[in-house]
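Here the protein sequences line up with chains A and B, keeping their order. Using numbering that gives the first Met the number 0, read the first sequence as starting at 0 and increasing by one per residue. Using numbering that gives the first Met the number 0, read the second sequence as starting at 0 and increasing by one per residue.
What the hints contain is simulated information worked out from the structure, not anything from laboratory work. One or more of the hints may lead you astray.
Copies of the same chain are indistinguishable here, so a pair counts whether it falls within one copy or spans any two.
Said to hold, decoys possible - Simulated pairs of lysine-lysine, DSBU-like, Cα-Cα distance not exceeding 30 Å:
1) K128 <-> K53
2) K116 <-> K47
3) K134 <-> K39
Number of protein chains: 2
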Amino acid sequence: MMNDLQESPVDGQRGPADHNIREQIIAAAYDHFAHYGYGKTTVSDLAKAIGFSKAYIYKFFDSKQAIGEAICSNFLSEIIVTLEESVSSGRSATEKFRIMAETLTDTGVFLFSNDRKLYDIAIHSCTEKWSSSLKYIENIEHILARIILEGRESGEFERKTPLDETCRAIMGAMKPFVNPVMLQYNLDDLPRDKNEMISLVLRSLAP
Amino acid sequence: MMNDLQESPVDGQRGPADHNIREQIIAAAYDHFAHYGYGKTTVSDLAKAIGFSKAYIYKFFDSKQAIGEAICSNFLSEIIVTLEESVSSGRSATEKFRIMAETLTDTGVFLFSNDRKLYDIAIHSCTEKWSSSLKYIENIEHILARIILEGRESGEFERKTPLDETCRAIMGAMKPFVNPVMLQYNLDDLPRDKNEMISLVLRSLAP
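Excised from the complex, chain A in its bound form (with noise of 0.2 Å):
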């Protein structure tokens, strides 16, 4: 998972953007905070762990959130490029709601299920809204407008809205299923409860 380059800059990166020492760090970083927790790991306990020096490691990020922002890009990239994948295999607007509506939530639960330190770093990304979380929200926003303007050529769905309206009440319903901070209570009747914002959602961009 954390294999992929990073490709674009990210806020507090510094030093050549392609340098390979980077992607050692995140790559560590990723390894530490995943044993000891985000919230309670120090830049020092890193460089101690790593084996670099503090002042190394602030060569190349400028504190131990852009550490955290370079790691969340990575996967949150990777999330987005599987969302894409799979709402292009839908075959109207509404299935293709219905998909990227599950496949975020599915993320969530797995990430929760199976990688607890890294969905920790998420509720740090998201409550304190890094630029990691900010761009990852922009880009479910675009594909929902993608989807949201599709069904309103084909008929499916209602035109009378605002778009800009329609897509941001919809990533508000969707919330309590896609926020990492929310997700993590709402996980008790998870199933039932995510059809019946995806059905509620449905009615409400009803012709």
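Given chain A's structure and the hints, the job is docking chain B onto it.
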């Protein structure tokens, strides 16, 4: 706010139901939590602050949570009374739903802004699924179900979706604004986002 008598038995309470000491402990605990926070306070701290022995407090409450429950039950009951009054002023089911969502959001924001420590207890109640919180949600669901039924009878709302599904899905859509854990992360664009959620729900209810 804390002057109302606790009429119904609450989980974890012991001893004679109408005992005056019980109310004294609740009031003193409320003051103590308000200064030091619910999470950081122990029953020993409370006993010292109130000037009772720990054993004496345990005669009335079997845990710190039981005292928190009593505080929550008191203020959550008051919110329900206010909600019922506000909703009854609506002249249609549509208006009643709007008033309901707005009253609940406003109450949460008021608590967040004016009584952060009580808000903090509400978060504990909510995430730990205290009976006070479950009872509160049940009360809101009842009020919502009455509104939906009224709108179905008047022809304002569609009748095809099973009533319990409609209610659960709307409770979910309101969560980002009504659930104290979630509300605190959704304050930035609150009036707009809340209004757009209300409009989305009303579109989903259209016949």
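The hints, checked one at a time:
no.	hint	in the structure
1	K128 <-> K53	within (26 Å within a copy, 43 Å between copies)
2	K116 <-> K47	within (20 Å within a copy, 39 Å between copies)
3	K134 <-> K39	within (25 Å within a copy, 36 Å between copies)
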